[in-house]
Amino acid sequence: MSIDMSQFYQVFFDEAAEHLAAMETLLLAIDLQAPDPDDLNAVFRAAHSIKGGAGTFGFTDITEVTHILETLLDRIRKNELALRSEMVDAFLQAGDVLKSQLEFHRDGTPVDEAAVASICATLHQLSGDAPQEATPAASAPVAHAVGTPDAQGHRYQIEFRKLGKVKLTPLLDELARHGTVTMSDEKKNGSVSVVFDSTIGEDELWEMLEFVVSRKQVSVTQTAAEPADVADDDGFGFFDDAPGVPAADEGFGLFVSEEQLKADREADDGFGFFADAPGSEQLGKAVEPTPASAASAPPPRPSPAPAANAEASSIRVNVEKVDQLINLVGELVITQAMLAQTTAQADPVLYENLINSVSQLERNTRDLQEAAMSIRMLPISFVFSRFPRVVRDVAGKLGKQVELRTIGEGTEIDKGLIEKISDPLTHLVRNSLDHGIESPEKRIAAGKDPKGTLTLKASHQGGNIVIEVSDDGGGLSRERILSKARERGLAVSDQMPDQEVWQLIFAPGFSTAEVVTDVSGRGVGMDVVKRNIESIGGRVELSSVPGSSTTVTIRLPLTLAILDGMSVAVQNEVFIIPLGYIVESLQPAKADVKTVAGEGRVVSVRGEYLPLLALHSILNIEPRTRAPHEGILVIIESDGVKAALFVDDLVGQHQVVIKSLETNFRKVPGIAAATIMGDGRVALILDVTALARMARANDLSTVSA
Amino acid sequence: MAKTILAVDDSPSIRQMVAFTLKGAGYEVTEAVDGQDGLNKAKAKSFNLVLTDQNMPQMDGITLIKTLRGLPQYKSVPILVLTTEAGDTIKTQGRAAGATGWLVKPFDPQKLMDVVKKVIG
Chain A
1 MSIDMSQFYQ VFFDEAAEHL AAMETLLLAI DLQAPDPDDL NAVFRAAHSI KGGAGTFGFT
61 DITEVTHILE TLLDRIRKNE LALRSEMVDA FLQAGDVLKS QLEFHRDGTP VDEAAVASIC
121 ATLHQLSGDA PQEATPAASA PVAHAVGTPD AQGHRYQIEF RKLGKVKLTP LLDELARHGT
181 VTMSDEKKNG SVSVVFDSTI GEDELWEMLE FVVSRKQVSV TQTAAEPADV ADDDGFGFFD
241 DAPGVPAADE GFGLFVSEEQ LKADREADDG FGFFADAPGS EQLGKAVEPT PASAASAPPP
301 RPSPAPAANA EASSIRVNVE KVDQLINLVG ELVITQAMLA QTTAQADPVL YENLINSVSQ
361 LERNTRDLQE AAMSIRMLPI SFVFSRFPRV VRDVAGKLGK QVELRTIGEG TEIDKGLIEK
421 ISDPLTHLVR NSLDHGIESP EKRIAAGKDP KGTLTLKASH QGGNIVIEVS DDGGGLSRER
481 ILSKARERGL AVSDQMPDQE VWQLIFAPGF STAEVVTDVS GRGVGMDVVK RNIESIGGRV
541 ELSSVPGSST TVTIRLPLTL AILDGMSVAV QNEVFIIPLG YIVESLQPAK ADVKTVAGEG
601 RVVSVRGEYL PLLALHSILN IEPRTRAPHE GILVIIESDG VKAALFVDDL VGQHQVVIKS
661 LETNFRKVPG IAAATIMGDG RVALILDVTA LARMARANDL STVSA
Chain B
1 MAKTILAVDD SPSIRQMVAF TLKGAGYEVT EAVDGQDGLN KAKAKSFNLV LTDQNMPQMD
61 GITLIKTLRG LPQYKSVPIL VLTTEAGDTI KTQGRAAGAT GWLVKPFDPQ KLMDVVKKVI
121 G
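From first to last, the protein sequence lines stand for chains A and B. Taking this note's numbering, the leading residue of the first sequence gets 1, the next gets one more, and so forth. Taking this note's numbering, the leading residue of the second sequence gets 1, the next gets one more, and so forth.
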């Protein structure tokens, strides 16, 4: 029966990735002075499990790396070697290499072979200040047990003692050319014991041995070639009464025990085989029939449901299935809204039951929607968890001391957002480390703790997720930003409020770093961060106190699928404005609206002049009214730019299900997406950022009354 | 009546492979995620064979074997240790703990089936 192993690969990949993540977390938290043995064991186990799986599924490259890693970890956990910080570094690197090897097997992403070789060398070298035999010994059975042992040959038990500086590897290689070498007992009080199966005579063997070691250092005993080890080479065996019992079974291993097993089986049907090994005398020598245990055991019940496993409390589901579910729930929400609208017109006396049922349906639909959405929600720790490593690496490279604090890791956020937020966040963290937090000397000079603090904080605020990246570094330099902006020819003035000065950082190609480091400062940056975050409906804000802190705040919608919106009308058309962008809505006095020659209209809102955008003229619809004082102005704000959007009416506030316009139709400038309203009509969701940009294009904010 | 096997390993992929292979060969397989889980499951129900990994959280394979051997109903049930270590240390420990045999990882499904067949038929 041949089994297709590839069906198990996915589980192995997931499992190995989990082990690697766990390993990294443990390594980052480890205390070099007093490493917790439990942690070391856990790290070792992780490496060990990956190796076991990789070996089983035939990923030899992974096996090789984990083998060296495991060997070193094993020595550390057994206190044979002290843990040093370069070891932790090497382990982390090895983790990265393994990750790339896993990716290679999963999706064929090429592996950097040089990195693999270098990490193997580093790990070897780190375990190198140990007795030299350790490494060859561990790999000896693999390396040397290639030849087929000759049944007609001899078996030598070779004991090396007091080897001192003598290296055994060349000798073992030489021996391997003449037969099969198996390391048996390694390092028992510094001696090494080797089993050598070969056709060469004892004299010949001595010649080879004396070439390397003196006769005092070695003893050779010839034993009967024992097929037991053939089985051993095969990777399994059974413990027998005594070692070295001549095997009756010629062919394949020491299946004396096999016969005994068979006998046992036939004797009592209780399937016993007594390993009469030392220390288990209580088991008795005779084959005891096992009453009640197996023979008369009740018929085996079906195995207990896997629900018993802690692991089975979660299932892996394809994201597409979840998305499909959410989509269907979205449709259900729309259907429910249609029903609600229809029943609202029904006579409440005649249709009392129907109306009650529909309102019940509304509650249930809402709950269902929330439950479905929550499937996609993951704690933000999925993103935060990568930062201890980033901070450690970058801070180390820059020679800074930085402590990372994370707050609110349990805050849940849509899976789609998690993927999109992780790059911008990494950028912000690196920025903070590079430009924000000062070197220990500077910090001491400024009277601060030499160790800087970088804080990542996530929380829910209303319908938003707020993520803050803050550092207690030097803060932003107003002067430097202004002078840099002037250099770049941006229109700035010294009277600009701080908030606007900070916004300059988000201009493309803007960097105030004096030195370009390989961490950041190439000026590809904040503008990309801002763009990425805005593309997922978020906003970026920056605040800074000179000399003591900088905080970047990212506001994101809870989810990408549902939006809180205000519906507005132009004639019979309904549009949705995302609620987050709306500052206020008002009906202006006739006198507040002014026309600036050639530049359009502005409106004065409490002394502030805002550009007036008429939605009907942007979208080319015939409006109910063209006079702003007869309609409504919705004040929107995006990128710190405010504008007044002129519409006919406010209709109401809704939660709407976002339907992509691009996948169903095509991209339309000024329109972000579409939705289906309760009455079944399609409403377009306005792209406020684009509208604000239109307002900025004919910037009228400096016009005064 | 299908023979029952308890497979104890902390690695889901290995567990899945072992279970799949042995189920395919007509055995009834119960999985356990570590030594402690294995012990609980072994106590709840009797098995014809126990396969256990050595390195596991909570309780390792050797401890599991020792504990099982202390239970009257497991005095004579075959127990195989799955080990990645080719060295003799684990073998010696396994023998001392009362294991019936060992199987070196990595192994392929065919070998696993051969060995299991030899032990419980």
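Be a bit skeptical, because a hint or two may be false.
Simulated pairs of lysine to aspartate or glutamate, EDC-like, Cα-Cα distance not exceeding 16 Å [unchecked claim]:
| # | chain 1 | residue 1 | chain 2 | residue 2 |
| --- | --- | --- | --- | --- |
| 1 | A | Lys420 | A | Asp347 |
| 2 | A | Lys99 | A | Glu80 |
| 3 | B | Lys111 | A | Asp112 |
| 4 | B | Lys23 | A | Asp4 |
| 5 | A | Lys448 | A | Glu438 |
| 6 | A | Lys99 | A | Asp112 |
Covered stretches of chain A (in silico footprint by chain B; criterion: 3 or more residues with CB under 8 Å from a CB of chain B, positions within the stretch not fixed) [to be verified]:
| # | segment |
| --- | --- |
| 7 | 77-91 |
| 8 | 643-655 |
Quick caveat, the hints were computed from the structure, so don't treat them as lab data. Glycine included, each C-beta is placed from N, C-alpha and C at the ideal position.
The hints, checked one at a time:
With a CA separation close to 49 Å, the supplied pair A:Lys420 and A:Asp347 exceeds the 16 Å bound. For the suggested pair A:Lys99 and A:Glu80, the alpha carbons sit about 28 Å apart, so the restraint of at most 16 Å is broken. For the given pair, B:Lys111 sits about 34 Å from A:Asp112 by alpha-carbon distance, which is inconsistent with the 16 Å threshold. Only pairs whose Cα atoms come within 16 Å are accepted, and B:Lys23 paired with A:Asp4 is accepted, the gap being roughly 14 Å.
Only pairs whose Cα atoms come within 16 Å are accepted, and A:Lys448 paired with A:Glu438 is accepted, the gap being roughly 10 Å. Pair hint A:Lys99 plus A:Asp112 holds up; C-alpha atoms about 11 Å apart against a cutoff of 16 Å. For the segment 77-91 of chain A, the assignment as covered by chain B is violated, since 0 residues bring a beta-carbon within under 8 Å of that chain's beta-carbons and 3 are needed. Given a C-beta distance limit of less than 8 Å, the hint that chain B covers the segment 643-655 of chain A is violated, as 0 residues qualify and 3 are needed.
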